Structures are given as structure tokens and as C-alpha cells.
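J.: Residue numbers (UniProt numbering), protein chains in the order written: chain Z, 1 to 268; chain E, 1 to 268.
Read the hints as simulated data drawn from the structure, not as lab findings. All values derive from a computational prediction rather than experimental measurement. Each statement offered as a hint is correct.
You can't tell identical chains apart in this list, so a pair holds if it fits in one copy or across any two.
Derived DSBU-like pairs (lysine-lysine); straight-line CA-CA distance at most 30 Å:
id : residue 1 : residue 2
1  : Lys87     : Lys45
2  : Lys45     : Lys25
3  : Lys45     : Lys57
4  : Lys87     : Lys69
Residue-level listing of the chains:
Number of protein chains: 2
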Amino acid sequence: MHVLLVYAHPEPQSLNGALKDFTVKRLEAAGHTVQVSDLYAMQWKATLDADDTLERKDGEPFHPERDSKHAFENGLQTPDIAREQDKLRWADAVILQFPMWWFSMPAILKGWVERVYAYGFGYGVGEHSDTRWGNRYGEGTLAGKRAMLIVTAGGWESHYSPRGINGPIDDLLFPIQHGILYYPGFDVLPPYVVYRTGRTDETRFSTICDALGHRLDDLWKTLPIPFHPQNAGAYDIPECTLRADITPGEVGFAAHVAPPALRVAAKG
Amino acid sequence: MHVLLVYAHPEPQSLNGALKDFTVKRLEAAGHTVQVSDLYAMQWKATLDADDTLERKDGEPFHPERDSKHAFENGLQTPDIAREQDKLRWADAVILQFPMWWFSMPAILKGWVERVYAYGFGYGVGEHSDTRWGNRYGEGTLAGKRAMLIVTAGGWESHYSPRGINGPIDDLLFPIQHGILYYPGFDVLPPYVVYRTGRTDETRFSTICDALGHRLDDLWKTLPIPFHPQNAGAYDIPECTLRADITPGEVGFAAHVAPPALRVAAKG
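Assemble the whole structure, with the sequences as input and the hints as a guide.
T.: Spelled out as C-alpha cells, the structure:
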């Protein structure tokens, strides 16, 4: 299989650097082909702006959506953007690996998403009608591919627990797992998270690699997070709110994950 | 009063550009002094890396926390970072204004947070002991100042409602409002959010400005979101989990906002 690892850490001699190397080796040893987008090493341009479109008319106001659509449709994207889109098309699975900085991904990775997810590629795909609101959340350009996060955090696991002060890790990652990965169609696997990274001696590093190794071995077996697809009946369109009979009364991020009963029903 | 507006949109001739100009005028007309950090116009460096520390030893691995601490303590930060910290110290209120891109702030603004919030300034402040876990979440360098978000979103308001497919807006903004603003001490006001920005004619723009104007007029009167302070008794330390008798059983982001009963008790 083809795996794309999008990796965002500034220092190769770091826990993240070591986990990246481990991940590549483990996947290659299992017979997979791996490409790494090492964003810091590539000096990835983090900022979405008018320079992302070749041959722009001078003086015309830059409109992020319209310019992106125009560039994508007419082969006027900068080569760095087109190259990453090609890697995504090539991949069967995509891993985003990053340290949690201020409860989200580093800016350089956020800028990768903003620039690579062009209009017509990452969003703005499919028809909007009375029954469909675009090909998104379970459908889209990247449907049929798998995605997984590898995340490191300095804080303790309890700080990210259901009543932890930082907020539960699943909720902190929802805008990425649901909003960035499920949106253009990925099947999203549960994340692999390492906490308290300041305390990583060799014994602990070996334990971390063991657990990560099993996750990588199971990349094609692990069940994805069962988010509700947008256009398959769980949502009223165009409001895009959960239908009244789907987990009635439940609100918030977790409501968009199908409970076990509904998963069985959907299979039957 | 002194207001710092940190603004992240690439095009002056946009809804965001117009709202930025409106905000500056309205605040100045009320007698406030305003500074604007127009990140795109400043060509703000979005990516945190070793170049953020002056006079680094060649060949030594870059460690984001340690290098940031060393630079902050020894006057070795790059001038762009030090300048933004000075603006934050100067400000009585800080407004972050941005378009919601992929359910979070644009990369350029995320990179402003990552670089300006140095160790010893934005985090790593105060003692860690059996009763305190640093000066954070309600205490810290920026305590006593107010902060507010002005956010634009292309999607419909219903898509961001409690059962909307994107997730509730309050939850999407929690990592910013709680994790980035409350963390170093800001009192965080409810956000001002504009939805469905693609449909903004002159009438609607005028309505939007009216509502925003009232929010700006009330910047010093509006009650902040009553997040629980970390070190005032609501959390077990060092686990940093909500004490068992605080909204028992409640989990998730909303659990960190004091319910009305507790707010009255806290005042009494």
C-alpha cells in the first residue's frame, strides 16, 4: 500500500523525529511504500495568499475561494501545492504527525491544509441541492483512503481526560479528525497520542514504539471512527443538523459519532 | 483604553478588511487608542523554528520550549516577537479577527500565537506544586486584560448549531478562547461571529456593523465567559481534572464554564 506521512516538527533530533523515522521503517518493513512530506525540511510556505495562484491579474482583489477554484481548474496552482495533491491522490493512507501546540496542529501544518485543500479538491466538490450539500463529510476527493493522527503532547493524560482542564483529547482533535480529514472523505482511524513528552527515557520510548508499531501494523484492519456521513440520511439538508430521531437531545462533537446501536442498524 | 487588534486576512478589499476598518474607527471614535497587527501586511513569519532565537549555537538541536525560554530570559528573541509581546503588555483589550478556515484560525495567526507566546511569557509562568500548576487558566502574564474574537464563517449558522454538522461554534472556538486566551490570563468575552459571508450585500453589512458596534461599545461592560480558574479550587492538582463535586458527571468543554449557581456562590 502507499502511505503518505505529513510531518511537522522543526528538529530531526527530537522525539517526533525519532517517531517519524520509526514509522517509516515499520511501514516499509511491512512492504508498504512511504512518502514523507517533512514540512519544515521542505520549508513549506505556511501562508495562503495571492501568490498561490500563477498568472494572477494585478490589482484584482484576492478572494481565497474564487482564486483557489480558478487556479485548481486551470492548472494555475503553484507546483508545491499540485505536488502535495498528487501525493494525496497516490496515497492509500495518510498520517499527519505533529506536536500539539496550543491545542491544535503547528501553523506550518495548518498552512499545508489551507493551501493543498484547494476549492474543487478539498472542498467545493459535488452538487448542492435539497438532498445533498456537496460531497463532504464521508464523501469527496479522498474517499476510500484512510487517515490517522500521530500526536505528541507535553501535558499529562489526565489534563486531556473527559474532565481534564485542557478538554478531552477527542474533542480537541475533532476539528482535525472530522473537520479536516472526514470532510474530504477520509476514513479516520482513532489517533495515536503520546502524553508528557518531557519524560521520555529509553524504556518509555521503546514502549511508545511498541504501541505505535501495533497501530501501524493494523492500519488496514482498525475500524474507523463511525462519523455519520452527511448525505446518507442522518442530517436534514440544507440545515446540516442531525435529524431529530438521531440520538435525540444529544449535542456537541460526540453526537456526530454513530452510537453502537445505529452502527449495527446501518450494517444490517 | 488601549486596544490591540490582531488581524489575519490576506485581502484588504474583503468583508474582513471592511470589518477591521469599521472596528478601528468605532473604537477610536469612543476615545480608545488602537494598534493593529495586520499579519498579512506585516508579512508575519508564520513558522516557529530555530531562527526565532538570536545567537544560537550552531549544530545544537533546536528544542522549542528550551530555546524559547532561553531567548525570552536573555533578550535573544527576534525583534518581531518582542514587538508583539510589547503590544500585548500595552493593551487593555485584545481582539483577534480572522476568517474561520478549516474550523480554526488561519495558519498565519496560529503562527503568531506560537511565536509570540514564548516560554516565560505565554506559558511556563509560575510555580508547579501540590496546590498550583503554574499561573495559567485565569492567571498569567496577560491577567486583567480582556480578549474577544471576531470571526467570519462561510457556512450557515445552523451548520454550527448545537446539533450542526460542523460542531457547535462554542466548542470549535474553545481551544482558542480557553486554550489560547484564558490560558495566559485573559478575561474572554463571548465571540462575535458572522455566518454565511458569501451573502453579504450592503444592507446586511450595515446590520453586521450595527451589532459589532454594540459589542465594541460594551467591550468593558460585557461579562466574560465564566471559565473555572485552575488554581482556585475547582480542579484537583496536579491531575488538573474538575473536582468531583463540581458539576458532577459533566464532561467535555462546557464543563469548564461555571454554571449560574456556582457563579452566584463565587460572588457571595
